[in-house]
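The numbering of the sequence shown is this note's numbering, which starts it at 1 and goes up by one.
The hints are simulated quantities; they were obtained by calculation from the structure and are not laboratory data.
Backbone N, C-alpha and C fix where the C-beta goes; we use that ideal spot for every residue, glycine too.
Misleading hints may appear alongside valid ones.
[Claimed, not checked] Derived lysine to aspartate or glutamate pairs resembling EDC-like cross-links, with alpha carbons at most 16 Å apart:
| # | residue 1 | residue 2 |
| --- | --- | --- |
| 1 | K115 | E219 |
| 2 | K164 | E187 |
| 3 | K115 | E62 |
| 4 | K161 | E143 |
| 5 | K4 | D57 |
| 6 | K215 | E143 |
| 7 | K215 | D57 |
| 8 | K115 | D189 |
| 9 | K4 | E97 |
[What the hints assert, rightly or not] Per label pair, the in silico range of CB-to-CB distance:
| # | residue 1 | residue 2 | range |
| --- | --- | --- | --- |
| 10 | P124 | Q12 | 40 to 48 Å |
| 11 | D137 | S169 | 31 to 39 Å |
| 12 | K115 | V195 | 18 to 26 Å |
| 13 | D137 | E97 | 18 to 26 Å |
| 14 | D137 | V195 | 36 to 44 Å |
| 15 | G210 | D137 | 34 to 42 Å |
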Amino acid sequence: MTTKLHWQIEGQGSDLVLIHGWGMNGAVWQQILPLLTPYFRVHCVDLPGYGHSGGIDGASIEEMAHLLLEYSPAAATWVGWSLGGLIATQAALLAPERVSRLVTVASSPKFAADKATSWRGIQPQVLTDFQQQLSDDFRLTVERFMALQAMGSPTARQDIKLLKQAVLSRPQPNQAALSAGLTQLAEVDLRDQLVRIQQPWLRMYGRLDGLVPVKVAQELDELAPRSQRQVFASASHAPFISHPAEFTQALRLFLEQHDD
1 MTTKLHWQIE GQGSDLVLIH GWGMNGAVWQ QILPLLTPYF RVHCVDLPGY
51 GHSGGIDGAS IEEMAHLLLE YSPAAATWVG WSLGGLIATQ AALLAPERVS
101 RLVTVASSPK FAADKATSWR GIQPQVLTDF QQQLSDDFRL TVERFMALQA
151 MGSPTARQDI KLLKQAVLSR PQPNQAALSA GLTQLAEVDL RDQLVRIQQP
201 WLRMYGRLDG LVPVKVAQEL DELAPRSQRQ VFASASHAPF ISHPAEFTQA
251 LRLFLEQHDD
């Protein structure tokens, strides 16, 4: 059993931490690494319970943020996709001196829809259904979630293929981590804490995303007025998969604007 997180570190330059989403692993970033490593020292992590970190128990968002901070560079830009965006945001709140710049990709401070506050997101019943399906066939459940992530993208079939290749290139995630992750997507709500984030923050979205509706981007303009918003018009939930050149260009531009 592995006892510490698996990191893949490549490139030269300022430090860039990349955090994957639910059901995935650090290999999801493989396609854009050649576009980043000439400019950055890139740190791709397998979260607890995923990929080569499969021997580590799943944890809460806060526990995972602490664990990543323990093994990450002293100061870095953190890029978190989907569930990884929650972890990066939590790390930025816990240790602003360590997370010099924050980038969240197709992420939300609260993934579950909430009728009481008119908050848009994933319907709670969808997350409940996924949780129930995990015990029956967790591999099929992950594949269904991949299909949801690519839904709406003009390149959906290719996007799903690339996501599957990434997942299958490393050990499968353990079921406890997957279950814990679904619980986090259903329950975590960081909206009230966003005002505390003072470092430069870029929020990236796909206009066709069915999991994080683009309307969320507009609401966060008010909840996090110091942050910047980038919407990819033809992308869904994984813009770095469907539009790698545009994604890395937008990321590099933001980092150049806020170069320390």
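A quick look at each hint next to the structure:
1. Taken as a hint, the K115 and E219 pair is honoured in the structure, with Cα atoms around 15 Å apart against an allowance of 16 Å.
2. A threshold of 16 Å between alpha carbons decides the hint, and for K164 with E187 the separation of about 27 Å lies outside it, so the pair is violated.
3. About 26 Å separates the Cα atoms of K115 and E62, which puts this hinted pair outside 16 Å; it is violated.
4. With a C-alpha separation of about 10 Å, the suggested pair K161 and E143 falls inside the 16 Å cut-off, and the hint holds.
5. Among the hinted pairs, K4 with D57 is consistent with the structure: their alpha-carbon atoms are about 11 Å apart, no more than 16 Å.
6. Restraint check for K215 and E143: not satisfied, since their Cα atoms lie roughly 26 Å apart, outside the 16 Å limit.
7. A distance of roughly 34 Å separates the Cα atoms of K215 and D57; the hinted pair therefore is violated under the 16 Å criterion.
8. In summary, the hint linking K115 to D189 is supported, as the alpha carbons are separated by about 14 Å, within the 16 Å threshold.
9. Note on K4 and E97: the hinted pairing is violated, with a Cα-Cα distance of about 23 Å set against a maximum of 16 Å.
10. Look at P124 against Q12: about 45 Å separates their beta carbons, and that is inside 40 to 48 Å.
11. Separation of D137 from S169 is about 21 Å and departs from the stated range, judged on CB atoms against 31 to 39 Å.
12. Judged by the Cβ atoms, the range 18 to 26 Å given for K115 and V195 holds: they are separated by roughly 24 Å.
13. D137 and E97 have their C-beta atoms about 44 Å apart, which leaves the hinted 18 to 26 Å range violated.
14. Checked against the given bound of 36 to 44 Å, the beta carbons of D137 and V195, roughly 42 Å apart, stay inside it.
15. Taken as a hint, the range 34 to 42 Å is violated for the pair G210 and D137, whose Cβ atoms sit roughly 22 Å apart.
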